[in-house]
Amino acid sequence: MDSAITVPAPDGVLTDEPIEDPRSGPIAMHLRDVSVSFNNRLAVRDVTFEVPDNKVTALIGPSGSGKTTLLRALNRLHDLTKGAKVQGEILLGDTDLYGKGMHPTLIRTRVGMVFQRPNPFPTMSIYDNVVSGLRFNGIHKKNVLNEAAESALIGAALWDRVKDRLKAHASTLSGGEQQRLCIARALAVEPEVLLMDEPTSALDPISTQRIEELMSELKNRVTVIIVTHNMQQAARVSDLCVFLLMGQDGAGEQIEVAPTRKLFTEPDDPRTLDYIHGRFG
Amino acid sequence: MSVSTLPADPILERRALVQSTARRSFARRTLVSKVMLGVCGVTLAFCVAILVWIIYLLISNGVQWISVNYLTQDPSTPTVLQPNNVGGIKNAIVGSIVIDGLAIVMAVPIGIVAGLLLAEADNAFVNAIRTTTEVMTGLPSILLGVFVYEILVIKYKLGFSGIAGSVALAILMIPIIMKASEVAVRSVPSSLKEAGLSLGLSKGRVSRRIVVPTATPGLLTAALLATSRAVGETAPLLWLIGATYTTSWDPFKEQSALPISIYQAFLNGISPQLQQSAWGTALVLVTVVLFLNLGSRLAAAYSQRERR
Amino acid sequence: MPEAIDTVEPTAAAAPKDRASGARRAPVARSDRAYWATLYGTTAIFVVICVAFLVTLIWNSVPAWRFSGLGLITGTKWDPQNSSYGGLPLIVGTLETAAIALVLAVPIGITAAVSIVHLVPSRLRTPLSSFVELLAAVPSVVYGMVGVLVMAPKFQGDVLPWLQHVTGNFFLFSGTVSGYSVLLAGTVLTIMVLPTIVALSRDAIATVPHDQVEGALSVGATKWQTLRKVVVPGARVGITGAVTLAAARALGETIAVAMVIGGNVHLSRSLAQGGTTIAAQIAQSFDGATALTISNLFALSVILIAITASVNLLGRRLLHRANRGAML
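Residue numbers (numbering that gives the first Met the number 0), protein chains in the order written: chain A, 0 to 280; chain B, 0 to 307; chain C, 0 to 327.
Since the hints were made in silico from the structure, they are not lab data.
Careful: at least some of the hints might be erroneous.
[Unchecked claim] Using 20 Å as the maximum straight-line C-alpha spacing, the simulated EDC-like pairs for lysine to aspartate or glutamate come out as follows:
1) A:Lys162 / A:Asp127
2) B:Lys156 / B:Asp73
3) A:Lys99 / A:Asp78
4) A:Lys84 / A:Asp52
5) B:Lys33 / A:Asp78
6) A:Lys141 / B:Glu12
7) A:Lys261 / A:Asp78
8) C:Lys228 / A:Asp127
9) B:Lys252 / B:Asp73
10) A:Lys261 / A:Asp20
11) A:Lys84 / C:Glu213
12) A:Lys140 / B:Asp121
13) A:Lys81 / C:Asp31
14) B:Lys156 / B:Glu253
15) A:Lys81 / C:Glu213
16) A:Lys140 / A:Asp127
17) A:Lys166 / A:Asp127
18) B:Lys192 / C:Asp31
19) B:Lys33 / C:Glu213
20) A:Lys84 / A:Glu252
21) B:Lys154 / B:Glu253
22) B:Lys192 / B:Asp249
Throw the hints in and build the complete structure from the sequences for me.
Here's what the structure looks like:
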C-alpha cells in the first residue's frame, strides 16, 4: 500500500451522512470466540463478530493476520487439514457449524466459497461446471439444472458472454471470466453465505473492477464475506469491516469491527488508523 | 437497498430445493463415498499384499535349499533312485557374475556418455535419439536376443557364449542408462556450469570436473537401475549363452545364468524336485535384484537430498 | 534410417556454435571439439546398434513375407512342421492376454493410486509407493514360476471350474479347462503391469491441484464425488499414458507368459484353454527351427515391434503432455 486511503466513501453516499450500522438488520452468521490452531499452534484467537444478512463483510489486515484461516473455518475447509482445530462457536442462522452431527459436506452446500485463483474444473464444460454442485447434491432434473445455470450465470454477469457456448470447455475462458464462472458455480447451489478469498488477487485490473461491480449485485442474493488485502477494494465493496492483526505470539487477533465508512474515517483503535494509513507492511 | 432488482422468489425456492435434496441424498452419498474409499484402500492393500505374498513364497519355499553346497556345486540330474539329487547353482552364479559384469563394463560408459549428450545438446538428432531410447526401453527384450543370435552366434560364428548374452544385456541396459543419466545431468544446477565456463574452462572440462562429479549419485542410480533390470532378464539370454550345466568362467564358452537356470527347470517339466529347487535359485536372484533396486533408490534419494 | 550415421560427424563439428553461451567463452574450441566428438561418437555406437537391430529383423523376415504373404497375419494355422505359418492365433493370443491384464489391472491400479495420493497419511505415501514399485523389479521368470507352481493348480482345480459354473459355461470360459491357459497368462500379466499403472497414475493424480479438490468440496461434493468427477478426470491424460505403457509391457512380455500360457497354437474362443503369444512363440521355438521358420519368427518380431513401439510412443506422448499441463 503506497499511501493513505482517500475518500473511501461508498458510491452515492454523502460523507457527512450519519453512518448506519449494517448489523442493525438481520444477522446471517454469529462468530463467538472463534480460534483456529494448527497442531496446537494458535493461528487465530478469539474472534467475535456478527455477519449481517445480505451485506458484504470484509476481513482485512496484513499478511499473517489470519484472515484466510478464519474464512476457511466458516465452511469447515480446515477439516481437510490434519492437526487443524477450530474452537468457539460459529452459528449460521441458528445452526452451530461445528455442532454435534453437523457434516461438513452439508454445511458447504449452505456456505459456498470462491478461491484466490480461479479453479474451474478444466475437464468440464462451462455448463457442467456451473451445475456441478447441483449434481453433486443429487439434483439431476434437466429443467432445474437449466434454470439454475442461467440464473447463476446471470448472477455472475457471465450469461451474455457464454450463453451461446455453454458446451465449450471452461479453459477457453479468460482469467476474469473463469473467476466469474467459479462465482456462478458457487451461486448455482444458492448458498446462504458466499465466502470469497481474495477473489481478485490473481486478476488484472479490468477483471478486478468487473468483479467488484458484481459484488453490490451479489449481496441481494447471498451474504458475502470477502478476504482482501486491497484496502481500496474493502472500502469500495464492503458494508462491514473486520480488521485483524497478528499478535505477539503470531496468532491473528481481531482489532476492530465497524461499518466500513466508520472504520476508514474514524476508527476507534489507533492500530487501525496506522494500518489504513499504510504504516504496517 | 433495492431487493426488487432481482426476483427473489425463484432463488429462495431453489435454495430450499437444493438443501432438501442435499439432505435427502446425503446418507446415500456418504455411504457410496465410504464404500468406494474403502474399495480404493482395499486395492492398494491388494497391491502391497501381492509383493508380500511373493516374498513369502520365495522365503518359505526357497530357504530350505540355500546351503553352502547349493551355492558351490554344479547341478546334477535327479534320478529315480535319488530324486533329491539336484546339485547346486554354482554354474548359474558364476555365469551371471561374468555375463552381467561384462554387460556393465560395456553398457555403463556408453550409456553415461550418450546420456550426457542428451542432456547437453539440443538439436533434431538428439531429439531423434531420445525418442529412440524410449522405443528401445519398451521393446520386448526377447527381440534383442534374437538380434544378437543372428549377428554374433550365426553370422560371426561366435557360437553360444556368455559374451553374446553380455552384448544383448548391454543393448538392453544402454537406453535405460541414457535416460536416467540425462535426468541426473540435467539436475545439476546451471549456475555451477556457468561458474565453470566463466572461469574460462572448456565445455569438456566443465563436464568432467564439475557436471559429472556433481551428478555422480544420479549416474550411480542409472547404472544400478539398469543392472537390476539386466540381472533378472531371461528372454534375451535364452538363445545366446548355451545354458550349460557346468561352471565356466570363460565368456567365450557356453555359460549359464540365474534366471536361465530357473527357466530350464520348467522347460520339460521332468523333475518336480528340480522345479522345487528353483525356489532356492529364485530367492538368490530376487535378493540380488531387490538389493540393486533398493541401492538405486537410495542413490536417487541421496542425490535429491544433496540438491536441496 | 542408415543415413542418420552420416549426419553424426558434421553435427559434431558444428555443435559448439549451436551453444547459446558460446559467444562469451574463452577460445577453447579445440578441446571443445574433442569433447563433442566423444559425445557424438559414443552415441553413434548406440545408433549403429539400433539401425543394425532394425535392419537385421526386417532383412531376415523378407523370406517369410515372400513365402507367407499376408497369410502371416490372417492365416489361422501355425504349423511349422508342415510349413504353414498363419500368425493369427499368435496375434490373437497376444491381444487377448494384454486385454485381460488391462481389464483387471486398470481399475485396481487407478484406485490404488488414488489411495496413495488422497487417502493414505502423508508419511506412508513414499514407502507405500516404493513398495508397490518393487513389484516391477521382480524378474519375470519368477512370476512365471509362481504361475506354474502356485497359480496353475489353483486355476485348474478351483478358479476355472468356478468361473464355468457361475457364468453358465459362457463361451469365454467353456471347454475342458486347462490350468495353463490364456486366462492364467492374463492374470500373471496383471500382476506384472500393476506397478506401472500405479506409479504413473499416482504421479498424474498428484499433479491435480489441491484447489480443484477444495472447489468441488465447497459446492457440497463428498470425497468420493470429488475424486471420481474432478481428480481422476483431471489426471486422465497421464492415466491414459500409464495404461498405454502398461499395455506395451503386457504385449511384449515373454518369459512369464511362455511359462504359463500352455503353448497351444490352435485358435480357441475359450480363455480357459491354452494359447500362445508372439513373444512366447519366439521364446519357445526359436532354437532348432528351420531357416524358414526362423524367418517367420523374425517377421512376427517385426509385427510385435510395430505394435509395442507405437503403443509405447503413444503412451509417452500422453505422459509428456500430462507433465507439460501440470507445469502450466
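Is the hinted pair Lys141 of chain A and Glu12 of chain B satisfied, with a Cα-Cα distance of at most 20 Å? holds, 16 Å
Does Lys192 of chain B pair with Asp249 of chain B here, judged by a C-alpha cut-off of 20 Å? Status violated; Cα separation ~44 Å.
20 Å limit on alpha-carbon distance, applied to hinted pair Lys81 of chain A and Glu213 of chain C: Within the cut-off at roughly 15 Å; holds.
Holds or violated: Lys261 of chain A to Asp20 of chain A, with C-alpha atoms at most 20 Å apart: Holds: Lys261 of chain A and Asp20 of chain A sit about 9 Å apart, inside 20 Å.
Pair hint outcome, Lys192 of chain B versus Asp31 of chain C [Cα-Cα no greater than 20 Å]: OK: Lys192 of chain B and Asp31 of chain C at ~14 Å, within 20 Å.
Given pair status - Glu252 of chain A, Lys84 of chain A, alpha carbons within 20 Å: holds, 16 Å
Given the hint that Lys84 of chain A pairs with Glu213 of chain C, test it: the Cα-Cα distance must not exceed 20 Å. With a Cα-Cα distance of about 18 Å, the restraint between Lys84 of chain A and Glu213 of chain C holds, given a limit of 20 Å.
Next pair to validate is Lys252 of chain B with Asp73 of chain B; report whether the Cα-Cα distance is within 20 Å. holds, 16 Å
Tell me if the straight-line CA distance from Lys166 of chain A to Asp127 of chain A falls inside 20 Å. holds, 8 Å
Verify the proposed pairing of Lys84 of chain A with Asp52 of chain A, using a straight-line Cα cut of 20 Å. Given pair Lys84 of chain A, Asp52 of chain A is violated - Cα atoms ~27 Å apart, limit 20 Å.
Does the alpha-carbon distance linking Lys33 of chain B and Glu213 of chain C stay inside the 20 Å limit? holds, 18 Å
Hint consistency between Lys162 of chain A and Asp127 of chain A [alpha-carbon to alpha-carbon, up to 20 Å]: holds, 13 Å
Of the numbered hints stated above, those contradicted by the structure are hints 2, 4, 7, 12, 13, 22, listed in ascending order.
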